[in-house]
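Assemble chain B onto chain A, guided by the hints.
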Amino acid sequence: MTAVVGDTALSSPPLPERTVPRGQRRRLRVGRGVVLILAVLYFFGPLAAAFWFSIDEGNGLTWHAYTNFAQAPGFGSAASLSLELAALTVVLSLLLMVPTLLLVHLRFPRVRTAVELLSLLPLVVPPIVLVVGVSTVIGWGNAGSSGSFRSQLFNQLLNSSPPPILPLEYVILVLPFVFRSLDAGLRTSNTATLVEAARNLGASWPTTVWRVVLPTLRTSLLNGSFLAFALVLGEFTMARLLQYQPFAVWLLQFGNTDGQLSVALSLLSLLLTWALLLVMTAIAGRGPRKAVV
Amino acid sequence: MAQDVPLLAGPQEVRSREQRPARTGRTVGRRLRWSWLGLLPFFAYTALFFLLPTGVVLWTAVRAGNSFTGANLAATVHGAYLTGLEHSVEVSLIDAVIAAVLGLLLAQAVLTSRHGFVHRLVASASAVLANFGGLPLAFLFVAAIGNAGVLTRALSSHLGIDLSGSFDLYSVGGVELVYLYFLVPLMVLVITPALEGLRPQWQEAALNLGATRGQYWRMVATPVLLPNVLGATALLFCSSFSAYATAQALTNGTLSLTSLQIGNALSGNVLTSSQNVAAALALDMIILVVPLTVLYLAMQRRTSRWLAQ
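First to last, the protein sequences are chains A and B.
Start counting the first sequence at 1; every next residue gets the next number (my numbering).
Start counting the second sequence at 1; every next residue gets the next number (my numbering).
Extracted from the complex, chain A is given alone in its bound form (with noise of 0.2 angstroms):
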């Protein structure tokens, strides 16, 4: 699935009135209203009755999928990789690109172009294609007789815990949106000036990235670093094909066990989602407006 998130319907004010005759407005009111009735019926309907579901017992009702699911066979294991694996992708993701994107806005601005290509791509490689390529060359890996270097490395990449081999390419899958953030910040930050700013009154370059440079990114950072974390909790293709059991591989196979906790579990993913993007927005319209993704 190619993930896009919008950039400014999270942040933008309604467009002012349109001066329209008055029967001909309220007809269109009518009809807007005909449109989000729909929309809030086909949003909510199958969550609603995923949400019954998930409670039906037949004759009564029953919480037990919402009160036991830590409890069941797997979970904690499961649970725990994708956090790790979501953690390390946005530390990795982070240290790959802040310094490459101040480096490119401040010194070399014509590489620019060169690496927003290369950013965006994953964007149009989806991971399923990507996923064969990468178990095609694992596959080269292990061929090399045990005990030697290729071998090692390849072990320690695909047998670690947790398996270095997914946080890495998860850089990849996510490093669109981490581009698209913290280049839109940069760009509307005006990080030059400030930069140029803070070394003319000699700051150091530690100095002027941490206590200028990241607060001033601050929201840009936190949007790419959310956008990353929830990707890697609810990533399934490359996990599943390289044979790995993170939440989403372990819900799939659990399902067969207890329907009603997967359905449960499926519907708390979501919302948690939904409910960390609405804090991220209100965090992020405090502050400047123009730094949203």
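Please keep in mind that the hints were generated in silico from the structure rather than gathered at the bench.
Keep in mind that a hint or two might mislead.
Beta-carbon label-pair distances, calculated as ranges [what the hints assert, rightly or not]: (1) A:Leu214 / B:Trp59: 39 to 45 angstroms; (2) B:Ser67 / A:Ser161: 19 to 25 angstroms; (3) B:Asp168 / A:Gly147: 40 to 46 angstroms.
Listed below are several chain A residues computed to face chain B (Cβ distance under 7 angstroms; list not exhaustive) [what the hints assert, rightly or not]: (4) Trp52; (5) Gly60; (6) Thr62; (7) Pro126; (8) Val134; (9) Thr237; (10) Gln245; (11) Val263; (12) Trp274; (13) Leu278; (14) Val279.
Derived contacts from chain A toward chain B, CB cut-off under 8 angstroms, selection only [unchecked claim]: (15) Val115; (16) Leu120; (17) Leu123.
The structure presented is a predicted model; accordingly, all values stated were derived computationally and were not measured.
Virtual Cβ for every residue (Gly too), placed ideally from N, Cα, C.
Chain B only, in chain A's frame:
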């Protein structure tokens, strides 16, 4: 660029700096020579973890044993794999068109409503469903209209309608229905900026000059929006074509869709040639998806430039 001179410095400042040799001369030269090294990690990383695997797909797709061959690709346009491609194209095409129309209507309704909270609600719900849906969506629909789903049972016990007789969630039609659930929100997300680019003044001008609303939409708004709508539809097609998680969860990989066949070839029966088949199918996907995504990205750049004015 002559660096260490800050980006925004005008010519005068450059000159004034040159009068301070202690600061410029050696330091600047050294900074300029070494700072490009800071870009290396990024390029090395993307080369190793993205360009290499993608290149390997292209390479594996045209190899058999130790020689080049077109046989892998030929195999993917025959028999079961051809059926898979046809199904995938059918699902993606139908869904892209339906989702584009519905998403456009919804985005316009949301934009023109005066309630800020409607905006935020729909925008955030869209972002969640379009990006993080995947697997959970399959479960939601199984719970709602699957064989033992809430709606299925309610319909059969209260109205005597047997849903499973007329509609099968675990078929191509079912996948089409479920995909709409993330494609419509995706359309809302990608088309909203373009709709926002339509200035209210244009409509006012058209109406003041005596045009009807129909004429405004036909002769002003449609030509302006058309490239964006086409670009967004292309993106929806790609998104649906390359989706894996939802269909895998719904059908356990038994449905013939290209993305599921790639997954099966990778994880399943360990034939020596299965890696080549997976790569060839992946190459088919690249051939279909890449030009369309590039079209979308080009249209998106156009919109963002135009909104920035």
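Taking each numbered hint in turn, which are not upheld by the structure, reported in ascending numerical order?
-> 2, 3, 5, 6, 10 and 14
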